[in-house]
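Enquirer: If you're matching them up, the sequences are chains A and B in order. By our numbering, the letter at position 4 of the first sequence is numbered 4, and the numbering carries on one by one without gaps. By our numbering, the letter at position 16 of the second sequence is numbered 16, and the numbering carries on one by one without gaps.
A few of these clues could be false.
Claimed, not checked - Derived coverage of chain A by chain B (criterion: at least 3 residues anywhere in the stretch with Cβ under 8 Å from a Cβ of chain B; other residues may be distant):
#, stretch
1, 32–46
2, 73–82
3, 305–319
Treat the hints as calculated values from the structure; they're not laboratory data. Glycine residues also receive a C-beta, built at the ideal position from the N, C-alpha and C atoms.
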Amino acid sequence: MRYLVVASILSSFLFFSCSEKDDGYTPTPVSLEIPQLFGQLLLPPTIPSDNPLTAEGIALGKKLFYDPILSADGTQACATCHDPQAAFSDTRKFSIGIDGIEGTRNSMPLFNLAWNSNQNFFWDGRANSLENQALEPVENPIEMHNTWGNATAELQATANYPELFSKAFGTDVITKSLVTKAIAQFEMTLISANSKFDKYLLGEATLTESESNGIAVFMDETRGDCFHCHGDPNSPLWTDNTFHNNGLDATITDLGLGGFSGDPREFGLFKSPSLRNLAYTAPYMHDGRFQTLDEVINHYSEGLVYSETIDPLMKKVSEGGVHLTEEDKADLKAFLLTLSEPGFRNNPDFQNPN
Amino acid sequence: MKKFALFFAAAVSIIAVSCKSDDDSTPEVTPVSVDLNFTHNWDGSNIENADFETTQYTNANGEELTLSKIVYLISDVTFTNSAGESFDAGDYNLVNVREEDNLTFTPGIQIPPGDYTVSFTFGFDDEDNIDAVYPDLNQTPEGSWGVPMMMGGGYHYMRLEGRFLDNTSTITGFQYHAIRANDQSTTPVTLQDTSIPVTLGQVTIGDNTTIEVKMNAAEWFKNPNQWDLNALPGMLMPNFAAQIMISENGASVFSLGAVTQ
Chain A
1 MRYLVVASIL
11 SSFLFFSCSE
21 KDDGYTPTPV
31 SLEIPQLFGQ
41 LLLPPTIPSD
51 NPLTAEGIAL
61 GKKLFYDPIL
71 SADGTQACAT
81 CHDPQAAFSD
91 TRKFSIGIDG
101 IEGTRNSMPL
111 FNLAWNSNQN
121 FFWDGRANSL
131 ENQALEPVEN
141 PIEMHNTWGN
151 ATAELQATAN
161 YPELFSKAFG
171 TDVITKSLVT
181 KAIAQFEMTL
191 ISANSKFDKY
201 LLGEATLTES
211 ESNGIAVFMD
221 ETRGDCFHCH
231 GDPNSPLWTD
241 NTFHNNGLDA
251 TITDLGLGGF
261 SGDPREFGLF
271 KSPSLRNLAY
281 TAPYMHDGRF
291 QTLDEVINHY
301 SEGLVYSETI
311 DPLMKKVSEG
321 GVHLTEEDKA
331 DLKAFLLTLS
341 EPGFRNNPDF
351 QNPN
Chain B
1 MKKFALFFAA
11 AVSIIAVSCK
21 SDDDSTPEVT
31 PVSVDLNFTH
41 NWDGSNIENA
51 DFETTQYTNA
61 NGEELTLSKI
71 VYLISDVTFT
81 NSAGESFDAG
91 DYNLVNVREE
101 DNLTFTPGIQ
111 IPPGDYTVSF
121 TFGFDDEDNI
131 DAVYPDLNQT
141 PEGSWGVPMM
151 MGGGYHYMRL
161 EGRFLDNTST
171 ITGFQYHAIR
181 ANDQSTTPVT
191 LQDTSIPVTL
201 GQVTIGDNTT
211 IEVKMNAAEW
221 FKNPNQWDLN
231 ALPGMLMPNF
241 AAQIMISENG
251 ASVFSLGAVT
261 Q
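Put together the whole structure using the sequences plus the hints.
Expert: Here's what the structure looks like:
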């Protein structure tokens with residue numbers, strides 16, 4: 001018992017000492033502003049218990065997101081390939097890294113990531129958290145081509161970053177873990193839920209006749225049947241955050257999820273992207289093969305090709321698809337564009353602070 | 001449903017308290033929870049993760065097929081004693097066979113040990129099949145479990161999917177989706193509750209009881225309606241007659257397996 005008392009006193013001193021030493025560490029807790037529809041219809045956002053959101057952490061993450069210091073030659077930031085004007089995607093088919101080398105997949109847009117309760121990131125789902133996702137591009141040889149040792153040393157040597165880390169995390173010793181935590185915090189604030197269709201659901205906007213027919217095509221199992229993978233008005237992420245082979249190729253060259261899992265049954269499966277902000281996220285598909293939404297719709301309507309792992313949800317594959325009428329295609333496109341939110345890409349909270 | 005759960009929980013508490021105060025010599029009845037363990041087979045051959053996409057089955061119509069997905073919802077697990085008293089937590093469970101999610105389910109209610117007839121609902125009955133109200137079904141690991149409002153809204157009962165060799169020897173996808181039957185040719189849409197009441201039989205519930213619930217997936221294609229995948233490979237959700245047939249076939253799909261104490 002005496003040992004217990006001594007230990008208690010000792011630990012009290014330790015806490016007191018820490019608190020004295022880190023008296024600059026008073027981060028401001030932040031709760032995400034949950035959009036009305038998300039709050040009504042969806043599960044709460046997934047915020048890691050070891051990375052709670054703070055104002056200081058988010059601000060630091062935003063600064064890092066836009067700072068090319070993370071790349072080996074100081075020329076590329078996260079935002080280079082995740083441009084806010086493109087809903088944090090890249091208008092190029094493939095992004096080009098610091099050595100001029102092209103990647104192999106289209107840059108994914110970034111929004112509503114805190115509602116990815118499956119916690120699978122990248123087209124092939126190989127990262128199981130936003131923090132782990134942010135680890136990769138820095139060392140990827142065809143992206144930032146840096147080492148984390150070098151990146152954190154560069155940050156450590158700056159005049160301002162150590163203090164910013166101290167304010168965000170209570171230590172001025174910069175590690176890759178803290179860098180990715182900060183970036184993930186910023187990314188979790190990228191919320192898009194104020195499109196025309198959101199307003200329609202909230203009774204604040206009306207749809208045109210074409211847009212109304214478009215949602216009917218989307219929700220009709222005999223026509224678009226888009227909802228099984230891309231959600232519905234009651235699931236307004238507009239993605240299932242899971243993986244499908246959507247009939248792009250007869251021969252699978254990019255293994256997608258299967259390349260990560262090693263399971264041949266998952267060769268050629270890629271994550272369904274959200275249909276929000278399609279107006280800004282062209283080109284489309286994991287390899288950016290389609291420049292326009294018309295090409296995407298034509299693919300599902302008459303361009304499907306069989307391969308061994310094609311999702312059974314792809315219908316009438318032997319005929320290329322369900323062959324939508326031209327009117328239905330135009331209406332479907334009109335509806336899809338109602339899911340884009342002009343204010344998202346210009347949201348001042350998301351812009352370059354540097 | 002929550003109201004019922006509270007009522008029954010209260011009832012159990014009262015029963016337990018009554019037993020204690022009425023007769024001190026009677027041993028205290030401690031309510032217990034019950035585990036349900038869902039297993040799946042094709043006419044007796046177990047269906048496990050490794051069987052999906054690989055094991056070839058033949059349905060009653062003679063069509064060769066593989067499975068890619070079996071996900072289904074059960075609700076209202078009910079324990080009815082010989083006095084006719086029912087205990088029902090009013091909750092639900094979404095089973096994903098391939099991903100092995102929720103294969104074990106413990107209804108959120110504790111009941112006095114004893115003999116019970118155990119039953120549940122496949123899918124949601126109309127009382128529970130309310131559009132949009134379950135966030136964990138609006139956003140499942142498989143995405144939305146919802147049914148479009150044009151088909152009456154609410155939620156899927158099951159998504160069973162796979163591929164079969166059609167009558168032109170082409171490998172073709174099928175989507176055997178069970179929902180509430182709906183006829184969109186009428187205004188308003190005609191709806192018919194096609195959830196399936198399943199009675200497993202009598203079970204003795206003790207301190208640590210696990211009840212195996214067996215699904216024979218072959219039965220979905222067999223009895224009383226021999227399913228012709230060439231005629232009905234998919235697009236079944238808006239097909240009123242198909243949903244009735246699915247519901248009829250579902251009556252023989254589930255059975256009581258092992259009960260362990």
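Enquirer: Now look at each hint and say whether the structure bears it out.
Expert: Comparing the hints with the structure gives:
no.: 1; hint: 32–46; result: holds (count 4)
no.: 2; hint: 73–82; result: violated (count 0)
no.: 3; hint: 305–319; result: holds (count 10)
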